[in-house]
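Participant: Sequence:
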Amino acid sequence: MNYISNSTDYNAIPAFLPREKLLRYSSSKLTDSELLAIIFRTGKKGQNVVKLTENILKKYSLINLFQKEIKELQEISGIGKVRSIELKAIHELSQRITKSQQKIIINSPEEIFHNFKKYGQKKKEYFIGIYLDVRNQEITREIISIGTLNCSLVHPREVFEPAIKNLASHIILIHNHPSGDCTPSDQDISVTEHLIKCGQLLGIPVNDHIIITPESFYSFKEHHLIA
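With positions in the sequence shown counted from 1, the corresponding number in this note's numbering is that position plus 1.
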């Protein structure tokens, strides 16, 4: 039987067909239990999947459900091991999406060190561009190169292309020193000076270059190597 062939009435689609409702209308039209039913896919003996999810959500809120540990989720009737894992994976993805949408405001080298400190632990050199708007809010970030910093690895095109694409107002450069010494090398200074000149020509200034190690950092701007 085709439940949705000619129907334009949302309520005409049976409750046990949440996938069909989503296809016909949109995810925003579905109830929490219907969305959860799509994740679960099947019900249990004597209970269709929507009825199962309705009963679960009568006992637990969505927030409470997703915050439970896998062991706790498995104890809820109708969830089990596989669904527990799926719920935790979805919860983690939603947290990562939320985190990625939170704009970081860069006001000091200390903030950059705090937000990018993990790169200080890397065994190879990572050269990264942070692309900012006029309010110093991060628009995006790009790993430009991995390996010893030199002019052959860091081409201005690769540094400034993301800035142009994302309409960035200015750039902050970061790279790590696996040696643990954040003092800039002659090559670091040479690459930075070259990129500063390119930024001036393009009207996208390089505001700072931060060298990061596990315990410390070096700001070109604070040491007056960038005006």
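By construction, these hints were calculated from the structure, which means they are not laboratory data. There's no promise every hint is true.
Cross-link-like lysine-lysine pairs, in silico, DSBU-like; alpha carbons within 35 Å at most [claimed, not checked]: (1) K60 <-> K30; (2) K123 <-> K198; (3) K166 <-> K82; (4) K125 <-> K82; (5) K69 <-> K45; (6) K125 <-> K166; (7) K123 <-> K60; (8) K222 <-> K198; (9) K46 <-> K30; (10) K119 <-> K82; (11) K60 <-> K46; (12) K60 <-> K100; (13) K59 <-> K100; (14) K118 <-> K52; (15) K72 <-> K60; (16) K118 <-> K45.
Participant: All hints, please: hold or fail.
Facilitator: Do the hints match the structure? See the list:
The straight-line distance between the Cα atoms of K60 and K30 is roughly 22 Å, inside the 35 Å bound, and the hint therefore holds. For the hint pairing K123 with K198, the CA-to-CA distance comes to about 29 Å; that is within 35 Å, so the pair holds. Under the criterion of a C-alpha separation no larger than 35 Å, the hint pairing K166 with K82 is inconsistent with the structure, at around 44 Å. Simply put, K125 and K82 have alpha-carbon atoms about 39 Å apart, too far for the 35 Å limit, and the pair is violated.
With a C-alpha separation of about 21 Å, the suggested pairing of K69 with K45 holds against the 35 Å cut-off. A hinted pair counts as satisfied when its Cα atoms are at most 35 Å apart, and K125 with K166 qualifies at roughly 28 Å. A distance of roughly 46 Å separates the Cα atoms of K123 and K60; the hinted pair therefore is violated under the 35 Å criterion. For a cut-off of 35 Å, the pair hint linking K222 to K198 stands: about 15 Å separates their Cα positions.
With a CA separation close to 28 Å, the supplied pair K46 and K30 stays within the 35 Å bound. Restraint check for K119 and K82: the C-alpha separation of about 33 Å stays at or below 35 Å, so the hint holds. Straight-line distance between C-alpha atoms of K60 and K46 comes to about 20 Å, which keeps the hinted pair within the 35 Å bound. At roughly 29 Å between alpha-carbon atoms, K60 and K100 fall within 35 Å of each other, so this suggested pair holds.
Our distance criterion of 35 Å between C-alpha atoms is met by K59 and K100, whose separation comes to about 29 Å. Our distance criterion of 35 Å between C-alpha atoms is broken by K118 and K52, whose separation comes to about 48 Å. Restraint check for K72 and K60: the C-alpha separation of about 17 Å stays at or below 35 Å, so the hint holds. For a cut-off of 35 Å, the pair hint linking K118 to K45 is broken: about 48 Å separates their Cα positions.
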